[in-house]
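These protein sequences, in sequence, are chains C and W.
In terms of my numbering, the numbers along the first sequence are unbroken and rise by one, the last being 316.
In terms of my numbering, the numbers along the second sequence are unbroken and rise by one, the last being 568.
Read the hints as simulated data drawn from the structure, not as lab findings.
Given the structure is predicted, the values throughout are model-derived calculations rather than measurements.
Where is the CB? At the ideal position from N, CA and C, for every residue including glycine.
You may find that some hints are simply not true.
[Unchecked claim] The calculated label-pair distances, taken between Cβ atoms and stated as ranges, are:
hint	chain 1	residue 1	chain 2	residue 2	range
1	C	T129	W	H423	31 to 41 angstroms
2	W	W453	C	T280	55 to 65 angstroms
3	C	G288	W	D522	57 to 67 angstroms
4	C	L196	W	G330	15 to 25 angstroms
5	W	P432	C	G31	30 to 40 angstroms
6	W	Y462	C	W153	49 to 59 angstroms
7	W	P432	C	W283	23 to 33 angstroms
Chain by chain, the residues:
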Amino acid sequence: MMRGRWSLLGILAALALALVAPGLLEPYFVGILTRVLIFAIFAMGLNLIMGYTGLPSLGQAAYLATGAYTVGILVKKVGIGFLPASVAGVGMAGLLAAAFGLIALRARGASFLMITLALTQAVWAIAFTWRSLTGGDDGFPSVGRPDLGFLPWSLTDTRVFYYFVLVFLVLAVAVFYTIVRSPYGLALQGTRDNELRMRSLGYNTWMLQYVAFIIAALFAGLAGVLYAFHVGAIAPGWAGVTPSAEALLMVIIGGPGTVVGPLVGAGMIISVSEVANIFTQRWMMVLGATYIVVILFAPDGIVGRLKRLMPRRQTA
Amino acid sequence: MKVLSADKLSKSFGGLQALRSVDLEIEAGECRAIIGPNGAGKTTLFHLLSGTLPTSSGTILFQGEDITRSPCHVRAMKGLARTFQITSLFPSLTTMQNVILAVQAVHGSKFVMHRPATSSQQTMDRVQQVLEEGGLWNKRNVPVRYLSYGEQRQLEVMLALAGQPKVLLLDEPTAGLSEAERGTMTSLFRDLRGKVTIVLVSHDIDVAFAVADGISVLHMGELLTEGTPAAVRQDARVSQIYLGDESESAHA
Ligand SMILES: Nc1ncnc2c1ncn2[C@@H]1O[C@H](COP(=O)(O)OP(=O)(O)OP(=O)(O)O)[C@@H](O)[C@H]1O
Ligand SMILES: [Mg+2]
Chain C
1 MMRGRWSLLG
11 ILAALALALV
21 APGLLEPYFV
31 GILTRVLIFA
41 IFAMGLNLIM
51 GYTGLPSLGQ
61 AAYLATGAYT
71 VGILVKKVGI
81 GFLPASVAGV
91 GMAGLLAAAF
101 GLIALRARGA
111 SFLMITLALT
121 QAVWAIAFTW
131 RSLTGGDDGF
141 PSVGRPDLGF
151 LPWSLTDTRV
161 FYYFVLVFLV
171 LAVAVFYTIV
181 RSPYGLALQG
191 TRDNELRMRS
201 LGYNTWMLQY
211 VAFIIAALFA
221 GLAGVLYAFH
231 VGAIAPGWAG
241 VTPSAEALLM
251 VIIGGPGTVV
261 GPLVGAGMII
271 SVSEVANIFT
281 QRWMMVLGAT
291 YIVVILFAPD
301 GIVGRLKRLM
311 PRRQTA
Chain W
317 MKVLSADKLS
327 KSFGGLQALR
337 SVDLEIEAGE
347 CRAIIGPNGA
357 GKTTLFHLLS
367 GTLPTSSGTI
377 LFQGEDITRS
387 PCHVRAMKGL
397 ARTFQITSLF
407 PSLTTMQNVI
417 LAVQAVHGSK
427 FVMHRPATSS
437 QQTMDRVQQV
447 LEEGGLWNKR
457 NVPVRYLSYG
467 EQRQLEVMLA
477 LAGQPKVLLL
487 DEPTAGLSEA
497 ERGTMTSLFR
507 DLRGKVTIVL
517 VSHDIDVAFA
527 VADGISVLHM
537 GELLTEGTPA
547 AVRQDARVSQ
557 IYLGDESESA
567 HA
């Protein structure tokens, strides 16, 4: 059987599972699953710049928090509708990346990692200190969830909200898949492999990376908007190191440069930390151990490892 | 008509003067070889001409236009292509994806996101042509890190040719190749003569003399001499830097 057919089967099976899961699980677990879906979108954005373009960022939390705070502030403080507020949340994340990208993309490798981290800290500082707008340390309360209008379901229902997020995940995967297979997506992979040669072939690699940086932030912004609806309150910690580091782990463990890797990674990291949470306070240590095991036995991630096990597609 | 020229081109790396006031004039359609011993500055000259390194002083004209300060990718889009002495490919991508990257650059689809890279008939026709001419069609789905060294060198040149450049800068294309592979490559360059302007850097003087109309000799960052292959072959200074004083006296 060819790899293409295996992947299709796998995706259909995963989708079927995702569709029936809420019916089989307690609402508490449906909530955890919803978080997996949201973080899968978040990690997918990071994967575009990290796995496909070769820019590992520790600053994606800045855009997650921007999406979340923007939608919260616009809905609660300005009083505009959920739909325009959500669009604005995603857009603000993209705008912020358009500004931060000008600074961060002067660096590569470890310095890029540090600069993106530093920029995130700036967002965290704003969220923390501008109490009148964000609620500071107390958090931004009661964001609420949108009303689906003419549809007969309410998003306050845990299961309905899960399906709502699932729709966005499927859309995000479709967009992501289209991008990475496109001429632009191939150009990103070329830039990851060999930036100098790309320039010699006529590519403005800076611009390729800059656009990817913004697209990644749009994914993070969408995740932030959905996460604000999911949790119902926003904390400055959303712009902290933890969400960025989690996304990084999800991509590394799932498989950078693969479409489904970050989805698998999100599932792994969140379930491992949830389970570890029950038995021990030191779930961070358990995560660290998981990381080491995966790096030792599957250095290009779980999905990367599976791909190697599959027979290569033969073309006559 | 001059297509590419350098005027008093210099480059220093810290205290090291790698190129000193080099003048170069390349005629359209010409095949020029640049020879010189290790460290003469040949690769540095290519870096300056192609824009992969900034020039310290001097001017570069391409088709009459000053490109001294143009970024590398702008020069490439104007039709100035180059290869690298140390093979420079996209190792995790397949042979075909490597060639698609080279072709789609000139077909103007670099930022197209809504359709697969393989969906443009125009691009794929050219990709197939390049792969067949280069004898790598059978290897099109192999990631290039699994190609043999000879095949990688071949692809190195194919990527530069794929975009149908006006001027092709080739840096040691035959380095490390077997006798047979060198023969194939040399005949490829002969076929290209007249179709594209070629500037060829080569250690291998035999390849240079076999294909070039004119030869420029670089030595310690300076242009030592320039002329037809026959004239350069006769030049005592050239045999001296290549063969040393010993054979110089033996010839005398
Ligand atoms: N990036 C660099 N930094 C410092 N010195 C450099 C750099 N690149 C080249 N050089 C030095 O400049 C001089 C010319 O080097 P260049 O690579 O141009 O020589 P070359 O003629 O291509 O030699 P070869 O035949 O070995 O390829 C050498 O002394 C080299 O050590
Ligand atoms: Mg050299």
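Name the hints, by number, that the structure is in violation of.
1 and 7
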